[in-house]
Amino acid sequence: AQTVTQSQPEMSVQEAETVTLSCTYDTSESDYYLFWYKQPPSRQMILVIRQEAYKQQNATENRFSVNFQKAAKSFSLKISDSQLGDAAMYFCAYSERGANSGGGADGLTFGKGTHLIIQP
Amino acid sequence: DSGVTQTPKHLITATGQRVTLRCSPRSGDLSVYWYQQSLDQGLQFLIQYYNGEERAKGNILERFSAQQFPDLHSELNLSSLELGDSALYFCASSVGPDTPLHFGNGTRLTVT
Numbered sequence: 001a002q003t004v005t006q007s008q009p010e011m012s013v014q015e016a017e018t019v020t021l022s023c024t025y026d027t028s029e030s031d032y033y034l035f036w037y038k039q040p041p042s043r044q045m046i047l048v049i050r051q052e053a054y055k056q057q058n059a060t061e062n063r064f065s066v067n068f069q070k071a072a073k074s075f076s077l078k079i080s081d082s083q084l085g086d087a088a089m090y091f092c093a094y095s096e097r098g099a100n101s102g103g104g105a106d107g108l109t110f111g112k113g114t115h116l117i118i119q120p
Numbered sequence: 001d002s003g004v005t006q007t008p009k010h011l012i013t014a015t016g017q018r019v020t021l022r023c024s025p026r027s028g029d030l031s032v033y034w035y036q037q038s039l040d041q042g043l044q045f046l047i048q049y050y051n052g053e054e055r056a057k058g059n060i061l062e063r064f065s066a067q068q069f070p071d072l073h074s075e076l077n078l079s080s081l082e083l084g085d086s087a088l089y090f091c092a093s094s095v096g097p098d099t100p101l102h103f104g105n106g107t108r109l110t111v112t
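Sequence lines, in order, name chains Y and S. Following this note's numbering, the numbering of the first sequence begins with 1 at its first residue and continues without gaps. Following this note's numbering, the numbering of the second sequence begins with 1 at its first residue and continues without gaps.
The hints are simulated quantities; they were obtained by calculation from the structure and are not laboratory data. From a predicted model like this one, the values you see are computed outputs, not experimental measurements. One or more of the hints may lead you astray.
What the hints assert, rightly or not - Subject to a maximum C-alpha distance of 25 Å in a straight line, what follows is the list of computed SDA-like cross-link-like pairs (lysine to any residue):
1. Y:Lys112 with S:Gln41
2. Y:Lys78 with S:Thr99
3. Y:Lys55 with Y:Arg43
4. S:Lys57 with Y:Asp31
5. S:Lys9 with Y:His115
6. S:Lys57 with Y:Ile46
7. Y:Lys73 with S:Gln41
Said to hold, decoys possible - Some chain Y residues flagged as far from chain S (calculated, every beta-carbon gap over 12 Å):
8. Val13
9. Ser30
10. Asn67
11. Ala71
12. Ile117
Every residue gets a Cβ at the ideal spot worked out from N, C-alpha and C, and that includes glycine.
Just chain S, with the same shape it has in the complex (with noise of 0.2 Å):
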């Protein structure tokens, strides 16, 4: 167990529709990154906060958006999703700068 909790673990919807992709992380980290993981495209980067503040951007589509709460734990916001938003979702925690990431494990999003 990597600590990183990801909540729901499961997830279908349609297109057009909305979706929020929780994520707490491991008691004590301060950096919460998100990926994308998709047959097509593999794993890919979209977002990483720390301390609450926006850090790096990737991959991330602006249907999408991302926010770290004061209490640290992430939301992941998806909109006006595509069939191709279809995949995995890891969220990703750690202590701070130049520290290893601990993945949680996932959220599958499909959307039909």
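In isolation and in its complexed conformation, chain Y is listed as follows (with noise of 0.2 Å):
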């Protein structure tokens, strides 16, 4: 079975600082993917960035970016000039690609969470 590992249960960067989450995983597969969602207080999940396991370029979204290794099976979440508004907890998720899969054949899997602290 897949699983994923956030080591970090809490970060805490200074306003317009750039921070760096970390997230290992296991599988067998080949072709997967990868995601970051952020779960603020109003308990929403929102996706911040999907990273396709067979393309080797890194995704970005605005001032969110990956690292993505995948011999290491590392798939790290870098946030740039951080903003108040990203305090929450990030979760970063796996899952496989498939036909019967809308996200994946068995779901997301998901880590633990960080917790992400803003001080101003």
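Got two chains here, each in a separate frame; can you build the complex from them with the hints?
Right under this line is the structure:
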């Protein structure tokens, strides 16, 4: 079974600084998806960024970028120019690619999350 | 706003009772997923439906069941509730295979 590990329960960063959240995963598949989701206090799950494993280029979305290391099974999220609105729980997630998937044949497998605090 | 609607937002009930959580997917989305988020277990995948048919099962208890109706809305039924079933239950939807999931705001279930 796939597992996703986020080793940092909590991270703190000064506003306008850069922070990197770590994620490692375990899978025997070669083709899959990786995601970062944000869960603010409103509790909604918001997709931040998505990476397709067969693409070597790291995904970016404005101030958010990832460092995808397929061989090391590592998928970190970098947030540049941190803003107060970035404060939230961040979840790394994995899903398989396949005909039955809409995010994964077995759904998304999530890590335990990292609580990101932004210091003003 | 993700376009996924979940009702009710909050639900408080007693042990042994049965409740139904409802989800309306985004317009055009055929897949519906249910997830449970608890302090102990984190976010866990429960079950997936695609266009009315069950597609995948995760860590869903036998006391729980779900269905997707012809209009594509879905219901998650939780019966013989236990204290440990207290959690946030999310519904998510997607257009189809290999497309991103969009989550609703969740239903907070409290079992007393």
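task: Determine which of the earlier numbered hints do not hold for this structure and return their numbers in increasing order.
output: 3
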